[in-house]
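Chain residues, written in single-letter form:
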Amino acid sequence: MLGTFIQQTVNALTIGSIYALIALGYTMVYGVLRMINFAHGEMFMLGAYAAFLVLTVFVGDIGAVGAFGLTLAFFGAVIAVGFFGVGIERLAYKPLRNSTRLAPMLSSLGVSLTLVTGVQILAGPQPVAFPSFFPATRYDFMGGTVTSVQIGILVAAFVLMFALYTLVNRSRMGIIVRAVSESRPTAQLLGINVNLAISAVFFSGPLLGAAGGILYASYYGIMSPTMGAVIGLKAFTAAILGGIGSIPGAMLGAYILAFVEVGGTALLPLITNGVLGTEYRDVLSFAILILVLLVKPAGILGEPVSEESMVYKREF
Amino acid sequence: MKIAASLCLGVTLLATPGFAEEISVGLAAPLSGPQAYFGNTWHNGFKLYWDKLNAEGGVNGVTIKYNQQDDKADPREGTLVAQKFCDDDSVVIGLVNFNSGVAQSTLPIYEDCELPTMTFGSNPDLTEQGYKFMVRPVANDLANALLPAEYALQKLNAKTAVIVSDKQVFGQGISEIFGKNFTAGGGQVLDTLAVAPTDVDFTSVLAQIKAKSPDVIYVGAVMPQIALFAKQMHEQGVNASLMVPDGGYTPDFIAQAGEANVQGTMVAIQVPPMDASPAIAEFAKLYKEKYGEEAGPYSIYGYVHGQILEAVLKSTKGLSREEINDALHAVKVQTAVGELEFDDIGELKVAPSYLYKVEGKDFKLAGSK
Amino acid sequence: MSNTSTSPSVKPQASRLVAVLVLAAIVALAAATPFLPNYHIRVVNSLLIYILLGIGLNIVIGYTGLLDLGFVAFYAVGAYTYALLASPQLDLHLPFLLIVGIAAVLGMITGILLGIPVLKLRGDYLAIVTLGFGEIIRIVINNVDWLTGGPKGIARLDKASILGVEIARPVEIYWLLLVTVFLVGLFVWRLERSILGKAWAAIREDQDAARGIGINTTNAKLAAFATSATIGAIAGTIFAASQRFVSPESFTLQESVLIVLMIVIGGIGNILGIVAGAAILILLPEVLREFAEWRILFLGILMVVLIIVRPAGIVPRTFGPEKLIRGLFGK
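Residue numbers (our numbering), protein chains in the order written: chain A, 30 to 345; chain B, 813 to 1181; chain C, 81 to 411.
Just to be clear, a hint being listed does not mean it is correct.
Said to hold, decoys possible - Using 30 angstroms as the maximum straight-line C-alpha spacing, the simulated DSS-like pairs for lysine-lysine come out as follows:
(1) K278/C / K200/C
(2) K239/C / K325/A
(3) K1169/B / K864/B
(4) K1181/B / K1161/B
(5) K1100/B / K1129/B
(6) K239/C / K944/B
Said to hold, decoys possible - Residues of chain A clear of chain B, computed beta-carbon distances all greater than 12 angstroms:
(7) A96
(8) G98
(9) M190
(10) I319
(11) I329
(12) L330
(13) E332
Please keep in mind that the hints were generated in silico from the structure rather than gathered at the bench.
Here a beta-carbon is modelled for each residue, glycine too, at the ideal position from N, C-alpha and C.
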């Protein structure tokens, strides 16, 4: 029993870390643009494909990739996707910055569709096997099983999130981004380069998303053109749960969602005496999301929407 | 219009015995999206056979044209494609719908316009609804889940099983049948767990299974879920024999799960080994020559469907949909997978099914029925 | 939103010409459809069902300004109502019109049930909760096998008939849909111009101010959800009757998103816009069928381009049916 408990906790932490890396991208974009970027899940997918491309083209044989090759693939891919994110913002969202709120959101849906289909055409619609970035070793620990891949993902995710947190809170760029998040018109009046802040967000969001994608692909051993859609939706849910726009909120939301999912799988059949099986796991997640929002309409760590801060009177 | 066309057809039939004609065959399957590989390779098997026949002048002078359409594995899209075939008078037979869910919505349309079809959806319900214009030239799920259950009980001496289903038409159907057969044979099903068809993480499900320590785990799902499940099962240290349905019969299964993680996994499919007979080996060679890749898991059935159509065209009285339907139901043909004929509801009288065991990078035949 | 529509600059004669042309095109297409091959009629039927769905969802998104991403739930409620009450599943075979009535009421109830908890929420939070609601309905349908057949769905639904006239062939379904779309469109168009419609517009423009001038925003929003859900459920019954098979696959999140896209690309808050949006998103992929995956790629790029070029949709909000009628009679 204890073994199962430990094991499920590690499982939840691993899944939660991957959700968190993606949820951060949603929340940061929302912070500066008040926009839900539906194409963000695709950055996650592109990260995995880009890393795979680097591995095959520049490193050669997938089977015999050394530490150097892996590092190169990882950083090459996340930086490339970061720049790609900035490019997409310029192309598809910037022209809509002063439009209705629905417009950039739907534009991002179009971007998402284009990217998924594009990858399907270029790389084929099938899932592809992805090499593992860490040697898979199994550790048995008080009856639970933990793999080195899970530990690697936890460490990598924590490092990345800590780096982001420090950047946002300590660096000059972080201050600029936070100022724009607070109020874009005011920041603009103060002479802050709003475009720079937005570009910074559209660089770091996809970068983290891509990192999540690579970790994910190497953990599960596959990647597919549609992998962004499913995980993207979960991460988006997590970001809303934590309070969209809030960086700690996104992380908290991601871990809560992961624990609810794992807990649902483990406990739903037990609690309901088999009436509700594991197939109701997602119902439980959404039900908890709805309940949380009813109590705290702006998410767990989100700031309540006061009338003054409503930059837009129209919701959409 | 239709009357005029059939009149003309009648006249030509009378005028030219041994009718030099071109007919169309409607091919529908997912050709885009995640299942595109299965649809395309299935159709390729059919084309492989008929490209050759066409080049040789067809059967009794009848050549065929392909009308290939994408149903996207979506029932709504499927009905549009079905209607498209129905409206096209030159289409006299269909090779339709890879997915049972799509077939459910298209079969009534084919029935209405009296277009005979060879359906590939394997859900047992399809033939139970009294359709007169369909046959299923492939073993249904009843047959496919019987062999693994028997094997588990008799050869693996399994007493207990846990069943995992993806709650889709195929996955749920086949895992229920496995469960029934397993229980009927004296085994015990400890638990049935459901996962979402989009899930990639089975660690939490596996932790639950591990606590129950079953002898056998049957996963009623498709790729890539079964590969992910196999990989995570091994990584989480769950020791049980894994059994999966036909989706696992592809080199991708071994590649995506990792070779070490799938050793000993049992895969049940309607497809005989590629070296089972000279005819099949010949097919595999031709396929590779033509398409530059290994045949897909269902390509052999496309090829077999081509052979069935050849026999139908040899025996049919004429080229109307009705006549072809009669010939299709009456056909008895020696194919690459053995002799096939249909019973009165359009089901195969003898439906071959096979069970493979993963050894190294290969699938080794472990049993057949 | 100050619609930078072209209408003010267009001369009355020109706008009259446009109106006559648009009307003539719609009438000509509607009249020609029954004579097309069945495949084309089915495509048009599909288009009409989406137009009906668009009209329904538009009440919440376009008129009231709330983003609902779970609309497909109501569509599912309607479809499954027909499937359960007119099939061997429960061995019930009720008449079509009665089922439409039952579905409409059930749709309205689910609409209100969704509406009550989400009234407090705003913007994106509302969007995700409605999305969650849609997913919950789909997952439940997929899992209560004893009632809905689970993933297998329900097959062999009865052929619909109204007063003894059988409605099953594509062309018969077409007439049913055409009449329904016309009636529902007329109803919604009148509703938009009613006092309730004005309340919706006020909520859309500024919720707080709307409350300030004495609009009962709670009731107005609930009315919007209920009306929209009713229309969604009616569309669902017709869909089920025309396909004669329902399964959870038809009610995914993607469908909800597709309907939202249709509305926004076509022209938000405008019935004619919905027609245009549906034509692009439903007809275009069908016309480009030969291009397989390339058509989806093209559609994605087209979506981005259209939204950037015309963020408020192809058809401006001001160019509604009113304009057409006025144009026609030269007022």
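### Hints violated by the structure (listed by number, smallest first)
2, 3 and 5
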